[in-house]
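K.L.:
From first to last, the protein sequence lines are chains R and B. Reminder that position 384 of the first sequence reads as 369 in the numbering used here, one-by-one numbering, no gaps. Reminder that position 123 of the second sequence reads as 160 in the numbering used here, one-by-one numbering, no gaps.
Derived by calculation from the structure, the hints in this document are not laboratory data. Owing to the predicted nature of the structure, the values given are computational and were not obtained by experimental measurement. Keep in mind that the hints are not guaranteed to be accurate.
[What the hints assert, rightly or not] Below, computed lysine to aspartate or glutamate pairings styled on DMTMM-like, alpha-carbon distance capped at 25 Å: (1) R/412 with B/171; (2) R/245 with B/168; (3) R/412 with B/168; (4) R/64 with R/134; (5) R/139 with R/247; (6) R/173 with R/207; (7) R/245 with B/67; (8) R/412 with B/234; (9) R/140 with B/58; (10) R/139 with R/118; (11) R/139 with R/368; (12) B/185 with B/222; (13) R/140 with R/118; (14) R/412 with B/164; (15) R/245 with R/42; (16) B/185 with B/211; (17) R/412 with B/245; (18) B/185 with B/234; (19) R/412 with B/120; (20) R/412 with B/222; (21) R/412 with B/60; (22) R/245 with R/368; (23) R/140 with R/174; (24) R/64 with R/224; (25) R/64 with R/247; (26) R/139 with R/92; (27) B/185 with B/168.
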Amino acid sequence: MKARPSMHLGVILMLALRNLRRNLRRTILTATAFIIGGALLTFAQAFGDGTHEQWIDSGVRTGSGHVAVEVPGFRVSRKIEDRLPGGTLRLVRTAVDSSAAADRVTDVFYRLTINGLATSASGARPAQVLGVDPTIEASLSPLDEQVVEGRYLKKDDRLAAYVGAGLVDALDLRLGSRLVVMAQDAHKEVAGQLVRVVGIFRSGIPGLDDSVIHVPIATAGEWLGTGSDVTNIGVMVDDSRAVPGLLRHLRRELGEPIGKGEAAVMGWREAMPSLHAAVLVDEWGAYLMLGILFVIVGFSIINTVLMSVLHRHREFGVLQALGLTPRQTGSVVLVEGLLQTVVCAILGVGVGLGLVAALSGGIDISEIAGGMEDMQVTGVAIDPVIVPMVTPVRVLYILGFMMLVGVVSSVYPAMRAATIDVTESMKFER
Amino acid sequence: MSESNGYAVRTAGVWKIFQQEAEEVQAVRDVSLTIGRGEFTALAGPSGSGKTTLLNLIGGLTRPTRGEIWVAGSELGALSNRELAQLRLEQVGFVFQAYNLLPVLTALENAEFPMLLQGVPAAERSERIRELFDRTGMTGLEDRRPGKLSGGQQQRVAVVRAVASQPALVLADEPTANLDSHASEALLDMMAELNRELGVTFVFATHDGHVMERSRRLVRMVDGAIDSDETRS
């Protein structure tokens, strides 16, 4: 009677299952290492992704938005003449509404950003004056929440200014003080505007606190003679992964001004390269750490499986004497490893997801960092509460990676099992 | 490749030489031997005489340095590892001095293991094992794992495993060495009965005088070579 290979597979599977079940201590030890590793990997990835999303979110709120529309070169020149043509804002709003990603878009904001000078009786300091829509900005920018005195701008404010604490100190200002902001206007003349301090903020980031002033955009338009023109339009989405699609759509819809060189559409990576670099560096740092963790887990699995293989030479010899080929004998060890890997990878990821769910309210890392509340990355103020984030693609990556580690860890012991000296392995030892 | 099927085993000028460090050890020297079907043969000799190595060569567990070995009509040297494994599965049963049962399987699972590999249907497996366990006094111990069986019981399971798959040949290496005289006698009775009733060919490697007395053919080996070959009536 010729045996069918599938029957050998069935027997190999049965043997592998029996070995796992009847060597419970060994199985539990190996499984525990793998499950803990998988849970740590899942949670660490979720925490890392959540952290990066937080960085991006904070960065785009303070900065350019997930997608920025500007005149090409404005980022470098910062000149008032590099304004977006009238009607661009309307075009962007229409394009966003018709976008496939419309349900992902949360806000569209606009600013008139000017580099100028702030002067008071005590002196003058360079300043970055942002003409903003107070209502939109209050709902978006984290700066309005960082008020230390007074209040943020209101819809009907006219000659009001919301000033960074560093600049307030440098110009010896206080709440209610008057200061003059000066910059080149639309006619290339130097123009000044008297404003009154209605609020003082402290973000903890010197680059912001020492130079930024928010004024109502209507006031800025009158002061500089730019009317309702803007220098920056930002589009916010609820998840940074929606950016590439939105970017393609906006570039298509704004084809005419882009073609004329009057506008450029950029994703946050392009608009804030230092933030993108920081995310990448942190991501690869995390991959390196997790790689090291899994090399350790992999070696502990190899060690446990190999030790068991070394103790099972007689068993493998018997299997070959009874009719298994060396390759099939190695398969018993490989199948044991694969079975354990599949189950442990799923359990490990499950435990990690449970941990993520349990901490879905967020983790306040300022407590871990010794009560440090003013956290920043590349000049971007970061909310210290990190919400771990999991995506199906990430889960698949983690499962795939764990399977790979499990398979690689089982191959060497399987090869050892397949290459034993059968007659030596079955010798009787007195 | 296929020769006459009138015998179970035939060796012609078989040598097995091991290299131990700088020294060459001739474990089997120019052995030519024919064992007919249904024989009950003992390979006897002192330790190191080459009887276990010859048994391993016949079972295809190791390959000869020189010479040819035929088992059930197949010349082992012409077979690939896979074909050799298939031949062991279908034609050869092993009984070892150390029993060598699979520790994670029960007595019943151990006994039916070669039949599982052969793809014997469950009902037939069950029938054969039930009958053999009955013959060998193992009924009631089917669900015990090897660690819960005595040496004699383990060896009986090993014999059942060796014969249940209905091989042409059973190779038994010192099967009684770890058994007391009572268990040893019972085991020999059982194997003699299986030999007589089922026509299974048994070849023992032994230095147990009792096994030699019970064998119908006694091949004595000294220093790897056949010293004498005696057939009894």
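K.L.:
If a hint holds in the structure, say so; if it doesn't, say that too.
P.N.:
Now for the hints, and whether the structure bears them out:
1. Our distance criterion of 25 Å between C-alpha atoms is broken by residue 412 of chain R and residue 171 of chain B, whose separation comes to about 30 Å.
2. About 94 Å separates the Cα atoms of residue 245 of chain R and residue 168 of chain B, which puts this hinted pair outside 25 Å; it is violated.
3. Simply put, residue 412 of chain R and residue 168 of chain B have alpha-carbon atoms about 31 Å apart, too far for the 25 Å limit, and the pair is violated.
4. Among the hinted pairs, residue 64 of chain R with residue 134 of chain R is inconsistent with the structure: their alpha-carbon atoms are about 31 Å apart, more than 25 Å.
5. Of the supplied pair hints, the one linking residue 139 of chain R and residue 247 of chain R is violated, its CA atoms being roughly 32 Å apart against a limit of 25 Å.
6. The straight-line distance between the Cα atoms of residue 173 of chain R and residue 207 of chain R is roughly 14 Å, inside the 25 Å bound, and the hint therefore holds.
7. The suggested pairing of residue 245 of chain R with residue 67 of chain B is violated, with an alpha-carbon distance near 96 Å, which exceeds 25 Å.
8. Of the pairs offered as hints, the one joining residue 412 of chain R and residue 234 of chain B is violated, with about 31 Å between alpha carbons and a cut-off of 25 Å exceeded.
9. In summary, the hint linking residue 140 of chain R to residue 58 of chain B is not supported, as the alpha carbons are separated by about 95 Å, beyond the 25 Å threshold.
10. The suggested pairing of residue 139 of chain R with residue 118 of chain R holds, with an alpha-carbon distance near 9 Å, which does not exceed 25 Å.
11. Straight-line distance between C-alpha atoms of residue 139 of chain R and residue 368 of chain R comes to about 24 Å, which keeps the hinted pair within the 25 Å bound.
12. Distance restraint check for residue 185 of chain B and residue 222 of chain B: the Cα-Cα separation of roughly 22 Å lies within the 25 Å cut-off, and the hinted pair is therefore satisfied.
13. Restraint check for residue 140 of chain R and residue 118 of chain R: satisfied, since their Cα atoms lie roughly 7 Å apart, inside the 25 Å limit.
14. A distance of roughly 32 Å separates the Cα atoms of residue 412 of chain R and residue 164 of chain B; the hinted pair therefore is violated under the 25 Å criterion.
15. The straight-line distance between the Cα atoms of residue 245 of chain R and residue 42 of chain R is roughly 31 Å, outside the 25 Å bound, and the hint therefore fails.
16. Among the hinted pairs, residue 185 of chain B with residue 211 of chain B is consistent with the structure: their alpha-carbon atoms are about 22 Å apart, no more than 25 Å.
17. Between residue 412 of chain R and residue 245 of chain B the CA atoms are separated by roughly 18 Å; this keeps the pair inside 25 Å, and the hint holds.
18. Using a Cα cut-off of 25 Å, the hinted pair residue 185 of chain B and residue 234 of chain B is violated, with the two alpha carbons roughly 30 Å apart.
19. Between residue 412 of chain R and residue 120 of chain B, the direct Cα distance comes to roughly 24 Å. Compliance with the 25 Å bound is thereby established for this hinted pair.
20. Between residue 412 of chain R and residue 222 of chain B, the direct Cα distance comes to roughly 24 Å. Compliance with the 25 Å bound is thereby established for this hinted pair.
21. A distance of roughly 21 Å separates the Cα atoms of residue 412 of chain R and residue 60 of chain B; the hinted pair therefore holds under the 25 Å criterion.
22. Distance restraint check for residue 245 of chain R and residue 368 of chain R: the Cα-Cα separation of roughly 39 Å exceeds the 25 Å cut-off, and the hinted pair is therefore not satisfied.
23. Among the hinted pairs, residue 140 of chain R with residue 174 of chain R is inconsistent with the structure: their alpha-carbon atoms are about 28 Å apart, more than 25 Å.
24. Between residue 64 of chain R and residue 224 of chain R, the direct Cα distance comes to roughly 32 Å. Violation of the 25 Å bound is thereby established for this hinted pair.
25. Restraint check for residue 64 of chain R and residue 247 of chain R: the C-alpha separation of about 14 Å stays at or below 25 Å, so the hint holds.
26. Restraint check for residue 139 of chain R and residue 92 of chain R: satisfied, since their Cα atoms lie roughly 18 Å apart, inside the 25 Å limit.
27. Note on residue 185 of chain B and residue 168 of chain B: the hinted pairing holds, with a Cα-Cα distance of about 22 Å set against a maximum of 25 Å.
Taken one by one, the earlier hints fail for this structure at numbers 1, 2, 3, 4, 5, 7, 8, 9, 14, 15, 18, 22, 23, 24, listed in ascending order.
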